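*Asks:* This is what each chain is made of:
2 protein chains.
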Amino acid sequence: MHPAITYIQAHRHAFVEELKAFLRIPSVSTKSEHRGDIQQAAQWVADAMRAIGLEHVQVVPTAGHPVVYADWLHAPGQPTALIYGHYDVQPPEPLDLWISGPFDPTVRNGELYARGAVDDKGQVFMHLKALEAHLKTQGALPINVRLLIEGEEEIGSPNLDGWILRNRDRLKADMVVISDTAMLAKGVPGITHGLRGLIYFQLDVEGTRSDLHSGSFGGAVVNPAFALAQVLAQLKDRNGRIGIPGFYDDVRKLPAGERRALAGLPFSEKKLQREIGAPALVGEKGFSTLERLWTRPTLEINGLYSGFIGKGAKTVLPGRAMAKVSMRLVPNQNPARIARLFTQHVKRICPRTVRMKVTEISGRGTPWLAPTDHPAMQAMARAIQQGFGKKPVFTRTGGTIPAVATFTRLLKAPSLLMGIGLPDENAHAPNEKLDLDNLHHGMLSAVHLWNELAEMRLK
Amino acid sequence: MHPAITYIQAHRHAFVEELKAFLRIPSVSTKSEHRGDIQQAAQWVADAMRAIGLEHVQVVPTAGHPVVYADWLHAPGQPTALIYGHYDVQPPEPLDLWISGPFDPTVRNGELYARGAVDDKGQVFMHLKALEAHLKTQGALPINVRLLIEGEEEIGSPNLDGWILRNRDRLKADMVVISDTAMLAKGVPGITHGLRGLIYFQLDVEGTRSDLHSGSFGGAVVNPAFALAQVLAQLKDRNGRIGIPGFYDDVRKLPAGERRALAGLPFSEKKLQREIGAPALVGEKGFSTLERLWTRPTLEINGLYSGFIGKGAKTVLPGRAMAKVSMRLVPNQNPARIARLFTQHVKRICPRTVRMKVTEISGRGTPWLAPTDHPAMQAMARAIQQGFGKKPVFTRTGGTIPAVATFTRLLKAPSLLMGIGLPDENAHAPNEKLDLDNLHHGMLSAVHLWNELAEMRLK
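These protein sequence lines map, in sequence, to chains C and V.
With the working numbering as the guide, the letters of the first sequence map in order to residues 1 to 459.
With the working numbering as the guide, the letters of the second sequence map in order to residues 1 to 459.
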């Protein structure tokens, strides 16, 4: 057995304790009050990189949250892989639904519960430990690596593109390795070769200057909450089709072969429905659940607010109403074009009796779809087969990793997505968790990955 | 000049300071954390009653917040008036829109700013001071009075009916005097002879057990915020007509004479629009603003919540969505019947893909309309003419005072509504205020009222 593998096995339990320290830092990127925690998390990553022998470790400031960079480039003639991940996390709210505190990592039934456990601190940690295993047992890595761990993924990576553009030379790589996705189910390891894109908006509707008494004014004054409900209700029709003119123009039709391949994947709609506790799985008519999630765009309301939302009754006629609305995009939709179409459409359908402000509040993510026959993709498949003891399947995900499109565009490097999450691990929701078996097998796979990439011959 | 009038004039400024103490008590009835403040406000009223020489002063517990009772019954052969008001207030939120603190009463430009200034602490205080003026200068009142000041008006007076029913004998009165309404405009004193009724609901829509990642699940899972928006958007049509089947069945058609009378009132739509900062006044097609406010029922969204409403972006697919929806009713709509129709309708139009809970969360208010030629109504008109130096107009209001219908039904006594508020005094909204000239003229009118009622002969 490879000494790096033995190393991972020997430290299996110690690694969990180490990861807990990383998870205790509430590095919520969307909230300014967590600025200090973000710094601390970046520092934690940099310290961990230095401790395992990586070089040129640097916490680099950006216009937003810092990027952490490191490299190890002592394998001449071998390819260079860029490992990308993020140390920032989603807000933990609503707090009352967490069984244990979001920043108090707790193991229950072989699963580690904490905000960021699977998205993405646990998966960043997995790579650090696999590199450590090689370096501590061999004093070297099979190939060259660079690491780029950012702090703004959960807010759409607004400063990443610029930073990558300015550091294009220093980031030169033959492939990008990312672990920030989930497999289809436990025991079904996979490689993700497609992502949806993302655009995110806030709609602010104003009726009157301030809230009014609903008795004294109700019936004679516009209700912005009602106007907002009218706008939102029109965005999708009965068949789940998005009503923005031109929205589907560039959507690539799914070839029959891909459709059959999706249908053949070991995926259970019943199981998904049970896991999330939904009365039914619903979506755009004419498509299966996996097609809806991976190959079709969607529009969702992410937040809604108006008037009085406390306990009890307040007879207020709200002066303002707000909605957060985002769209997931698929090949070949262009985020800038869809953003323009959305803005025009909501302004057009908004009643003239209110004022509406449309604000794009997150960086854009471009949809991505990669061929599965690339030699690096095949090398990763062999690594996963050794790490998990099972041949991986090729899947897509409905989520977005804005950096992937950037790497394709700016570094001309293919992305390899090896995610060890599970669909029910509550990323972005209360009780986020990480399966510790998957973490372990993921570390083993990552150890094998560097060997496989070293042995692979790029055409 | 009547010595009671001189007394009011001499204490004009001292009274404002006294009222401030009452306004400093945050007696918000809808929030359980204010239970202590509610008790304190009830005690403040009782102490004030005792100090001016009222008798049988009592803070009476109910199943909810206490009722404060007092009387003075030493005018044999004279009628008995029951003065009704409330010491509870609306929640002050949103706090950031207040120029001075809601419970830090502050005078600016002749107006006293505080939650409860006009609704209804200031108007209760007005009556206390008019009684004080008679009692301190004459040692007696011209007629008999009872006072009933409750603490649950802002939550629909859920315990008042039962209490009045049980104390029907002790509350025997020839008329009920209430000051909890507004006049049409400054310089246009009035008597309110019509009120709308009220029913209030909370809609809770549940999609999935908890919030989900909008990338991983968006497009294949129901969005409860979207389902709620669809339900709400259907409740009114383009013409502002409420879409609940049977809703308008019992609405009394406005006689042509009343319609002309409304049109002749000194009311400016332009001024109202400017005051509230609305781009336009809108409502049910085919009706004037005053008709919409006073004679037509309405349905309003009072609150809306789902998902993430903080700053920034969170890519969450909400598990739940909530709306508060209330209806103002007019003669001869029956609140129980409309509540049933509403509940049936929203359940019928709610998509089957979500679970919806419909909860009535406030006491019901029955609509009320009284003839203006009653001798007591005419006596009040003379009192106001003397107090304000101007003949009052008869108006209605879009608001609700649930107790009025109760008094009609249980005490068989006519209600006399002498309100000294102004339409732009922000009742139920931030920066609630009370015009101090109106407070003063209201006190003078109340002093005259007891004389006029003593001289009136009830048929």
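Read the hints as simulated data drawn from the structure, not as lab findings.
It is possible that some hints are incorrect.
Because identical chains cannot be distinguished in the list, a pair is counted as satisfied if it fits within a single copy or across any two copies.
Claimed, not checked - Here are the simulated SDA-like cross-link-like pairs (lysine to any residue), alpha carbons at most 20 angstroms apart as the crow flies:
1. LYS311 / LEU95
2. LYS311 / GLU33
3. LYS31 / GLY312
4. LYS136 / ALA336
5. LYS347 / GLN230
6. LYS311 / PRO94
7. LYS412 / GLY312
8. LYS285 / THR353
9. LYS285 / ARG241
10. LYS311 / GLU206
11. LYS390 / ILE5
12. LYS347 / ASN431
13. LYS311 / ILE361
14. LYS172 / GLY264
15. LYS311 / LYS357
16. LYS391 / MET377
17. LYS391 / PHE287
Please read these numbers as outputs of a predicted model, since none were measured by experiment.
*Asks:* Each of the hints needs a verdict: does it hold here or not?
*Replies:* Against the structure, the hints come out as follows:
Proximity of LYS311 and LEU95 under a CA criterion of 20 angstroms is satisfied in both settings, with 17 angstroms inside one chain copy and 17 angstroms between copies. Within a single copy, LYS311 and GLU33 get their C-alpha atoms only as close as 27 angstroms, which misses the 20 angstroms cut-off; across copies the closest is 11 angstroms, which meets it. Taking the shortest alpha-carbon separations for LYS31 and GLY312, only the inter-copy value of 7 angstroms comes in at or below 20 angstroms, while the best intra-copy value is 29 angstroms. Taking the shortest alpha-carbon separations for LYS136 and ALA336, neither the intra-copy value of 46 angstroms nor the inter-copy value of 76 angstroms comes in at or below 20 angstroms.
For a Cα distance limit of 20 angstroms, the shortest separation of LYS347 from GLN230 qualifies both inside one copy, at 12 angstroms, and across copies, at 18 angstroms. In this assembly of identical chains, LYS311 and PRO94 lie within 20 angstroms of each other by CA distance both inside one copy and across copies; the values are 16 angstroms within and 14 angstroms between. Neither within a single protomer nor between protomers do LYS412 and GLY312 lie at most 20 angstroms apart by alpha-carbon distance, with minima of 57 angstroms and 31 angstroms respectively. Proximity of LYS285 to THR353 under the C-alpha cut-off of 20 angstroms is restricted to the inter-copy arrangement: shortest distance 14 angstroms between copies versus 34 angstroms within a copy.
For the homomeric pair LYS285 and ARG241, the shortest alpha-carbon distance inside one copy (8 angstroms) is at most 20 angstroms, but the shortest distance between copies (32 angstroms) is not. Proximity of LYS311 to GLU206 under the C-alpha cut-off of 20 angstroms is restricted to the inter-copy arrangement: shortest distance 18 angstroms between copies versus 24 angstroms within a copy. Proximity of LYS390 and ILE5 under a CA criterion of 20 angstroms is satisfied intra-copy only: 17 angstroms inside one chain copy versus 95 angstroms between copies. Taking identical chains as interchangeable, the C-alpha atoms of LYS347 and ASN431 are never at most 20 angstroms apart, the minima being 37 angstroms within one chain and 31 angstroms between chains.
For a Cα distance limit of 20 angstroms, the shortest separation of LYS311 from ILE361 across copies, 9 angstroms, qualifies, whereas the shortest one inside one copy, 30 angstroms, does not. Taking the shortest alpha-carbon separations for LYS172 and GLY264, neither the intra-copy value of 38 angstroms nor the inter-copy value of 80 angstroms comes in at or below 20 angstroms. Taking the shortest Cα distances, LYS311 and LYS357 sit within 20 angstroms of each other only across copies (15 angstroms), while inside one copy they are farther apart (29 angstroms). Taking the shortest alpha-carbon separations for LYS391 and MET377, only the intra-copy value of 13 angstroms comes in at or below 20 angstroms, while the best inter-copy value is 89 angstroms.
For the identical chains of this complex, LYS391 and PHE287 are neighbours neither inside a copy (27 angstroms) nor across copies (71 angstroms), given an alpha-carbon limit of 20 angstroms.
In terms of the numbered hints stated before, the structure departs from hints 4, 7, 12, 14, 17, listed from lowest to highest.
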